[in-house]
Amino acid sequence: MIDEATARERVVSTADRLFYAHGVQAVGMDTVRAESGVSLKRIYALFPSKDDLVLAVLRHRTNQWNTGIAGAVADAVTPRDKVLAIFDFLAAWFREDSFRGCAFINVFGELGGGSNRVAEAVRAQKASFQCRVAELVRAAGGPGYLAPQLVLLAEGAQTTAAISQDPDTAAHARAAAETLIRCALGDSENAPTV
17 MIDEATARER VVSTADRLFY AHGVQAVGMD TVRAESGVSL KRIYALFPSK DDLVLAVLRH
77 RTNQWNTGIA GAVADAVTPR DKVLAIFDFL AAWFREDSFR GCAFINVFGE LGGGSNRVAE
137 AVRAQKASFQ CRVAELVRAA GGPGYLAPQL VLLAEGAQTT AAISQDPDTA AHARAAAETL
197 IRCALGDSEN APTV
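In my numbering, the protein residues as written are 17 to 210.
Hints listed in this document are in silico derivations from the structure and should not be mistaken for laboratory results. We treat Cβ as the ideally placed atom computed from N, Cα and C, and that holds for glycine. A portion of the hints provided could be inaccurate.
Computed Cβ-Cβ distance ranges for the label pairs, DEER-style [to be verified]:
# : residue 1 : residue 2 : range
1 : R116      : I18       : 49 to 59 Å
2 : G44       : A191      : 34 to 44 Å
3 : R154      : D91       : 38 to 48 Å
4 : S180      : G87       : 43 to 53 Å
5 : Q80       : D19       : 19 to 29 Å
6 : A61       : R111      : 14 to 24 Å
Use the sequences and the hints to build the structure in full.
Here you go:
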């Protein structure tokens, strides 16, 4: 018998993969059981409701997102490049075979109107991302209005790339971000080029 932490991780990663590929409502708990190899009784002991499992998947996705953004930002050199690294992260993600858009937007579209807990979790993740972008913009010496504009570009790029199946959407969003940054901060020797 597997320990609780392993069972929880197996169920969450399986549900994440299935929900992301097929949608939350299309995937029953019995499918999660069959794919994860964890009994239904144990799944319900770990996650008393499907909403509880969805929330665990969203926490898992939040950790993946934060780790991905942090890694991209860490590899960038200048403060402006750190802001633009968000779009480089998106570019790599959009090229993954499994890319189906933003899991948070997808889940909100499916369940947000019927589950306050899911809606709050999605809003919290989006607010956290906005705060992270605002920190990067401040570090680059940018004005407060720039961060929400860049967040809109990143969020819009995710949706557009998913619908159009065009991974180059990230490059277009990055070019628009470079223009916004230049307009807000002015041209300098450190300004990114298109």
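Inset, instruction - Indicate whether the distance between the beta carbons of R116 and I18 respects the range 49 to 59 Å. - result: 29 Å, violated
Inset, instruction - Hint says 14 to 24 Å; check whether the CB-CB distance for A61 and R111 agrees. - result: 39 Å, violated
Inset, instruction - For R154 and D91, compare the CB-CB distance with the range 38 to 48 Å and indicate the outcome. - result: 20 Å, violated
Inset, instruction - Please test the hint of 34 to 44 Å on the beta carbon pair from G44 and A191. - result: 43 Å, holds
Legend entry - Pairwise beta carbon distance, Q80 to D19, judged against the given window 19 to 29 Å: 23 Å, holds
Legend entry - CB-CB spacing for G87 and S180 relative to the 43 to 53 Å hint: Cβ of S180 to Cβ of G87: about 26 Å, so the range 43 to 53 Å is violated.
Consistency note: the structure conflicts with the earlier hints numbered 1, 3, 4, 6.
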